[in-house]
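Engineer: Order-wise, the sequence lines are chains W and Y.
Counting with our numbering, you get residues 247 to 356 for the letters of the first sequence.
Counting with our numbering, you get residues 3 to 124 for the letters of the second sequence.
Just so you know, the hints here were simulated from the structure itself, not pulled from any lab data.
No experiment lies behind these values; they were computed from the predicted model shown.
Check the hints yourself; a few may be wrong.
[Said to hold, decoys possible] The list that follows gives simulated cross-link-like pairs (lysine to any residue, SDA-like), each with its CA atoms no further than 20 Å apart: (1) Y:Lys43 - W:Leu352; (2) W:Lys297 - W:Lys343; (3) W:Lys316 - W:Val345; (4) Y:Lys68 - Y:Phe109; (5) Y:Lys22 - Y:His87; (6) W:Lys343 - Y:Ser45; (7) W:Lys316 - W:Ser273; (8) Y:Lys43 - W:Gly312; (9) Y:Lys44 - W:Gly312; (10) Y:Lys66 - Y:Ser7; (11) W:Lys343 - Y:Ala4; (12) Y:Lys22 - Y:Ala4; (13) W:Lys343 - Y:Ser20; (14) W:Lys343 - Y:Tyr60; (15) W:Lys297 - W:Gly312; (16) W:Lys343 - Y:His87; (17) Y:Lys44 - W:Leu352; (18) W:Lys343 - Y:Gln62.
[As the list claims (entries may be wrong)] Not everything, but these chain W residues come out facing chain Y in the computed CB check (under 10 Å): (19) Gln310; (20) Ile326; (21) Pro327; (22) Gly331; (23) Leu338; (24) Leu344; (25) Phe346; (26) Arg351; (27) Leu352; (28) Asn355.
All C-beta atoms in this analysis are idealised placements derived from N, C-alpha and C, irrespective of residue type, glycine included.
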Amino acid sequence: GQQLNQSPQSMFIQEGEDVSMNCTSSSIFNTWLWYKQDPGEGPVLLIALYKAGELTSNGRLTAQFGITRKDSFLNISASIPSDVGIYFCAGLQGAQKLVFGQGTRLTINP
Amino acid sequence: GAVVSQHPSRVICKSGTSVKIECRSLDFQATTMFWYRQFPKKSLMLMATSNEGSKATYEQGVEKDKFLINHASLTLSTLTVTSAHPEDSSFYICSARDQGLAGVGPFTDTQYFGPGTRLTVL
């Protein structure tokens with residue numbers, strides 16, 4: 247099925263560094279969502295974006311909904327060990343179903 | 003954020019038995035819930051869309067007679083894996099759609115996920 251192109255697939259960084267990941271699509275989405283998933287757990291919603299161009303922050307996390315509605319990025323500033331996990335972007339079109347990116351696995355070296 | 007619970011969190015069963023997994027939205031009403039399956043190190047794969055009071059909509063390749071879905075109330079959907087076999091072993095996750103209350107508060111349309119159920123079929 248349709249899937250968003252999420253990159254990078256994995257990141258290995260030092261604690262304190264900033265992180266940036268993005269998702270792109272050939273289709274337009276009405277809503278972009280960013281989730282974080284820890285091993286053995288369900289995804290947890292981080293940020294929801296509803297308007298093209300919208301820039302939203304949640305603590306050290308910042309995400310933007312691309313102006314063309316075909317892309318979004320997520321930034322994490324000053325990473326800490328608990329940021330480790332897999333981050334998924336997800337897009338929602340007119341229908342109810344979410345389309346997911348492949349995920350970005352974040353590993354932090356202390 | 004909104005809370006979605008799943009029960010049980012993990013289950014081990016014998017081949018040929020049926021297993022029921024519950025998904026509940028605890029602090030909001032969800033007319034629509036979704037059931038996903040996730041393989042190790044992979045993204046979530048949508049199995050079916052569960053609509054309160056009507057039949058579920060299954061994704062292509064998902065057997066509706068094997069994965070029975072019931073959405074009898076605005077806060078509860080169940081997935082029953084019938085005649086389970088080892089290849090059904092997986093991590094099953096539900097989500098519930100939160101559209102807020104019409105005319106109340108800012109616009110919202112998102113999905114909150116449950117913590118998942120690890121199914122192992124021996």
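Engineer: Now look at each hint and say whether the structure bears it out.
Structural biologist: Outcome of the hint check:
no., hint, verdict
1, Y:Lys43 - W:Leu352, "holds (13 Å)"
2, W:Lys297 - W:Lys343, "holds (18 Å)"
3, W:Lys316 - W:Val345, "holds (12 Å)"
4, Y:Lys68 - Y:Phe109, "violated (37 Å)"
5, Y:Lys22 - Y:His87, "holds (14 Å)"
6, W:Lys343 - Y:Ser45, "holds (14 Å)"
7, W:Lys316 - W:Ser273, "holds (6 Å)"
8, Y:Lys43 - W:Gly312, "violated (27 Å)"
9, Y:Lys44 - W:Gly312, "violated (25 Å)"
10, Y:Lys66 - Y:Ser7, "violated (23 Å)"
11, W:Lys343 - Y:Ala4, "holds (19 Å)"
12, Y:Lys22 - Y:Ala4, "violated (23 Å)"
13, W:Lys343 - Y:Ser20, "violated (27 Å)"
14, W:Lys343 - Y:Tyr60, "holds (12 Å)"
15, W:Lys297 - W:Gly312, "holds (9 Å)"
16, W:Lys343 - Y:His87, "violated (28 Å)"
17, Y:Lys44 - W:Leu352, "holds (14 Å)"
18, W:Lys343 - Y:Gln62, "holds (14 Å)"
19, Gln310, "violated (17 Å)"
20, Ile326, "violated (20 Å)"
21, Pro327, "violated (21 Å)"
22, Gly331, "violated (13 Å)"
23, Leu338, "holds (7 Å)"
24, Leu344, "holds (6 Å)"
25, Phe346, "holds (5 Å)"
26, Arg351, "holds (8 Å)"
27, Leu352, "violated (14 Å)"
28, Asn355, "violated (20 Å)"
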